[in-house]
Structure formats: structure tokens, C-alpha cells
Amino acid sequence: MSIYSEKVMDHFANPRNMGELEDPKGVGTVGNAKCGDIMRIYLDIDEAGVIRDVKFKTFGCGAAIATSSMATELVKGKTIQEAMQVTNRAVMEALDGLPPVKVHCSLLAEEAIHAALWDYAQKNNLVIAGLKEPRKDIGS
Amino acid sequence: MIYLDNAATTQMAPEVLQAMLPFFSDVYGNASAVYGLGARARQAVFEARKQVGALIGAAPEEIYFTSGGTEADNWAIKAVAETFADRGKHIITSKIEHPAVLQTCEWLERRGYEITYLDVDKDGLVHVEDVESALRSDTILISIMFANNEIGTIEPIAEIGSLARRRHVLFHTDAVQAFGQVPIDVEDMQIDLLSASAHKVNGPKGVGCLYIRSGVKIHPFLHGGPQERSRRAGTENVAGIAGFGAAARRAARILAEKQKREMSLRDDLIRRLESEVPWCRLNGHRSRRLPGNVNFSFSFVEGEALLIRLDMAGICASSGSACTSGSLDPSHVLLAIGLSHELAHGSLRLTLSEANTKAELDIVVETVKKAVELLRQMSPLYEDFMKNQSLEENI
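Protein sequences, first through last, are from chains D and P. Be aware that the first sequence starts at 2, since it is given in the numbering used here, and climbs by one per residue. Be aware that the second sequence starts at 18, since it is given in the numbering used here, and climbs by one per residue.
These are computed hints drawn from the structure, not numbers from a lab. Keep in mind it's a predicted model, so treat the numbers as computed, not measured. Glycine included, every Cβ here is placed at the ideal spot set by N, Cα and C. Hints should not be assumed to be uniformly reliable.
[Said to hold, decoys possible] Partial list, computed: chain D residues near chain P (C-beta under 8 Å): (1) Phe13; (2) Ala14; (3) Ala34; (4) Lys35; (5) Ile39; (6) Gly61; (7) Cys62; (8) Gly63; (9) Ile66.
[Claimed, not checked] Pairwise CB distance ranges, derived in the manner of DEER restraints: (10) His144/P <-> Ala91/D: 50 to 60 Å; (11) Gly98/D <-> Ser49/P: 45 to 55 Å; (12) Leu391/P <-> Gly98/D: 22 to 32 Å; (13) Ala49/D <-> Pro295/P: 38 to 48 Å; (14) Pro77/P <-> Ile4/D: 37 to 47 Å; (15) Ile4/D <-> Ser231/P: 41 to 51 Å; (16) Lys386/P <-> Gly20/D: 18 to 28 Å; (17) Gly20/D <-> Gly331/P: 21 to 31 Å; (18) Asp11/D <-> Glu383/P: 17 to 27 Å.
Same shape as in the complex, but just chain D:
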């Protein structure tokens, strides 16, 4: 569909890091079936606080799948603090933009990364600067 950039179409058709992790250090699920988008991010984080691996699963439109894919690429290999800098704006820019009605998809991608980091922080009794508890609105 021509409403999307070539980058969005590429990430939709060939999503990067799609799947699950066996023993993730952090998992976050955001969104709800009511508005049609649910994103789940799995993180593997080493002792040095570097994101070694990341996977996603998304129920949603083309933009939702593409933003999830791009968000995983942007945080992979980064430190937690670097991953915290991956904003929805950064995801959108990396995808050469999104149609206005799809901007919420990029917000959801940012929230999904944050939710997975929150889960990691909870499990390890850590405080990550700037990280807030994710909204819980899963369900339909």
C-alpha cells in the first residue's frame, strides 16, 4: 500500500527479530485488542547491562509490525541507558516517517521496549533512570 514508505514496507514484509526468547531477562506486552494493536518485546540482557538479543511479536496493522521490527533493531546491542533513548520519534525517523493516523504505533513500540525493561528491572531489583511503570491495558 502506498500510504507507507519503502522502509515500512520492507520491515513489514521482512520483519527483523521476530519471534520469542527461551529465557528472556525481560518481557513486556502493551496495547489492547480493542484498538487493534498488541506488542510484546523479549529482551536478553547481560551482566554489563547490554541488550544481547531482542525479539518481538505483534498483533496489529502494517505500521505496528514495522515499528516493532525497527524498534528491536534500534535497541539490539545497546546498553539499557542507550535503549531508553530510543523514542517513538527515533523509530519513526528510522522508518522514513509514518502516516499521521499511525503515529500511535510508534508510541506503542517505545512503550513495549520500556515495559520489557521495567520487567527486567523488577526481576533484578534495579532502578532505571527515567523508566516508569507501564500502563496495563491488555485485553479486549
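Chain D is fixed; fit chain P onto it per the hints.
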């Protein structure tokens, strides 16, 4: 390309284009003019009026050309409301109408009218008993669509028409999806007002009509000229009207054959998708259904993503997903038949024409099957569902 979005619009038939061409070039006269050039345009408009009327059992003078189905719906509802305001301000419609009807009713609601939006059953059928119990002494109009644009369910129009006549209430039907697809007879079905559109039956875009039963006196929609018996002013869209006439003539000629062919393709497609794609649901009534309509919900996947996958394979389809409409809510029709938000977001509408082939549908089934599988592999809802299933198996 495989085109399966005929409920959105259709390809113009070559004979329709041929019928229109003279009015874009040589025969440019104003249909109101006295000289020969005008008379030829006037004659074309008259012929078209006969052809369009003939398809629904109406007299030519009961057909009023409009800019399309939306205008016809607006005119019918607003004009009845305004003309009969002193008799009452109550209108009965359904929850699954096209926005051209629903939003017109909402507009009237803000101006002091009362609207009853009837529920439909799980197949999308309006129940005549519900219409009857909604009737009041101040009811001035019943507006129920002939067939639904999303799920294809054909409403009990003759029964509603008979009820409306018995109770002396005007009956309007938005027949945009049914016109030229199934037999319609405004006499047998006791329809007072009917909206139709040319581009859904291989005619041009930008032209449609409102049938107004002779004797039904509703106010004009556009003021400023004697056209359309002074009820819809403005120089006639002669080329468009001629095209509409040609499309109606063609539709009448091929109706029985087209219906038979589409129903066979439709039932085959439904049967194959049901047997080959797990966790799917047919939306709409199984038999009281437009010949070309197929509408499924696939659990755990979202409709727009599915549409893009189909588009990548050259297949044009549509969905009731919110993401295809620009709003956050999925189709009001799918919610009205009781679907969860998830299933409503995961809907796929495939609307056939008589030109589709079995070979095309083979490709469609394979593509849908693969796309649904792939999107399920990406779906956290599917992941959770499968995990719960294996948990249950272990217990």
C-alpha cells in the same frame, strides 16, 4: 491483479463507456435546450430513466438522478424528516446501516429528531417484529438497507415494506449494494424510497438515483432549476446518466447468469477457506447473502496487515479493521453482530464479480492461508492461545 473489492467499486463495462462517450464530445448540448443538440441529450436522459426504473420495477418518472448513493440517502432521510416534521419526529433505522444513513440520522438527532437504531441478530438480520415494536404514532420513516455492504446479509425487505404500508409509514431502503445484484421490485416489496448507485454495477462514479414512489410528496433537495421534475435542480450529468442507464440495461440482461455464477464462486470460496484456514468465522448470513460477498474473521491476526500481504500478491480486498478506516474503532457492523474487537479487527472482505474465475480463487485461498499463518506466527495472541492449549492438553 485479482480484484475482489467489487462492493467498493466495480470496473466500468465497455458498453457503458461506449454509451457515455458521445456526451463528452459531439453531443454536448444542455438537456434543457430546445434545439436538436439539447434534445439528443434529453432523449439520453429519458432512456436512462426508463432503463434504471425497469431494473427495480419503477416508472421512469419515479427515478430522480443524483450524484450517487450518498446523496440519495441524504435526500430521502432529510426530506422526509423535514416534510413530515409536523406529523412526527421519529425515525427507525438499524445499527448496521451505511454511514450515509447513520450519520444523516445522527445529524437529525442533533436537530430534535428521535432515532431508533435497531439491533440485528448474529447474522446481521433485522427482525420485522423489532421494527414493529419500535413503531410509534409519531414514526415518519423506516430506513433499512436492502443488503449490507460489509457482510452481505440481505434484509427482509418485503416484510418490512408490508409492515410499513399497513402502518402508513414511509419506507426507504439503501439498495446501493443490492441494485443489479439481486432482483428488486419496488411494487412487490412496497418500497417508497430507494437509493442506488451506478458505480457498483459497472457504471460510472458520480451518479446514482433516488426512486421516489409516485404520490410520495417530499421536498426538493437542490433548489434552482426545473431539472428532475424541479426536485433536484442542476444541469444534468448527461454522460454519467447515460452510463448509469447502460449499466442498468446490462445488469438486467445478465442478472440471472451473474447471480448464479457469483453464488457458485462465493460458496466454493467460503467452503475452502473454512476447511483450509483454522480458527476462522464466516460473518453474515450463510444463505440470505449477496451473491458476491465473502466476509471472514481470522482469529489472532489484524485485517490491515492481511490486506497488505494480499496486496503484495496482487489481490485487492478490504477489511473492517480500524486501521483501514483511520479511526480506532473497528467496523460498527461487525461489532453489531456481536464480534469481539479482536475478531472485528481481523476481518477480511472479498467481494466477487462475474468476471472472477476459479483459478483466481485458488490463488486467493493459498495466499490468504499463507498470510494468516505468517501473521499468526508474529502474533502474541496466537502465542498465548497455543500455550494455553498445550497447557490444557497436559492436564
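Open item on the list: Please check whether alanine 34/D passes as an interface residue: C-beta within 8 Å of a C-beta belonging to chain P.
Closed with: Holds - the Cβ of alanine 34/D comes within 8 Å of chain P, reaching about 4 Å at its closest.
Task: glycine 98/D versus serine 49/P beta-carbon gap, inside 45 to 55 Å or not - done: holds (51 Å)
Open item on the list: Taking the Cβ atom of leucine 391/P and the Cβ atom of glycine 98/D, is their distance within the range 22 to 32 Å?
Closed with: For leucine 391/P and glycine 98/D the Cβ distance comes to about 25 Å; the hint holds.
Task: Status of the given 17 to 27 Å range, CB of glutamate 383/P versus CB of aspartate 11/D - done: holds (24 Å)
- [ ] May I ask you to test the hint 37 to 47 Å on the CB atoms belonging to proline 77/P and isoleucine 4/D?
- [x] holds (43 Å)
Task: Restraint check, 8 Å cut-off on beta carbons, for lysine 35/D near chain P - done: holds (5 Å)
Open item on the list: Quick check on a hinted range of 50 to 60 Å for histidine 144/P and alanine 91/D, using CB atoms only.
Closed with: holds (53 Å)
Open item on the list: Just to be sure I understand the hint, the distance between the Cβ atoms of lysine 386/P and glycine 20/D should be within 18 to 28 Å; is that true here?
Closed with: For lysine 386/P and glycine 20/D the Cβ distance comes to about 21 Å; the hint holds.
Open item on the list: Hint isoleucine 66/D vs chain P: min CB-CB distance below 8 Å?
Closed with: holds (6 Å)
TODO: Report holds or violated for the interface hint on cysteine 62/D, using the least CB-CB distance to chain P and a cut-off of 8 Å.
DONE: With Cβ-Cβ at 4 Å, under 8 Å, it holds.
Task: Restraint check, 8 Å cut-off on beta carbons, for alanine 14/D near chain P - done: At 7 Å from the nearest chain P Cβ, alanine 14/D passes the 8 Å test, so the hint holds.
- [ ] Just tell me: holds or violated, for the beta carbon distance of isoleucine 4/D and serine 231/P against 41 to 51 Å?
- [x] With a Cβ separation near 47 Å, isoleucine 4/D and serine 231/P satisfy 41 to 51 Å, so the hint holds.
Comparing the model with each earlier hint shows no violations; every hint is respected.
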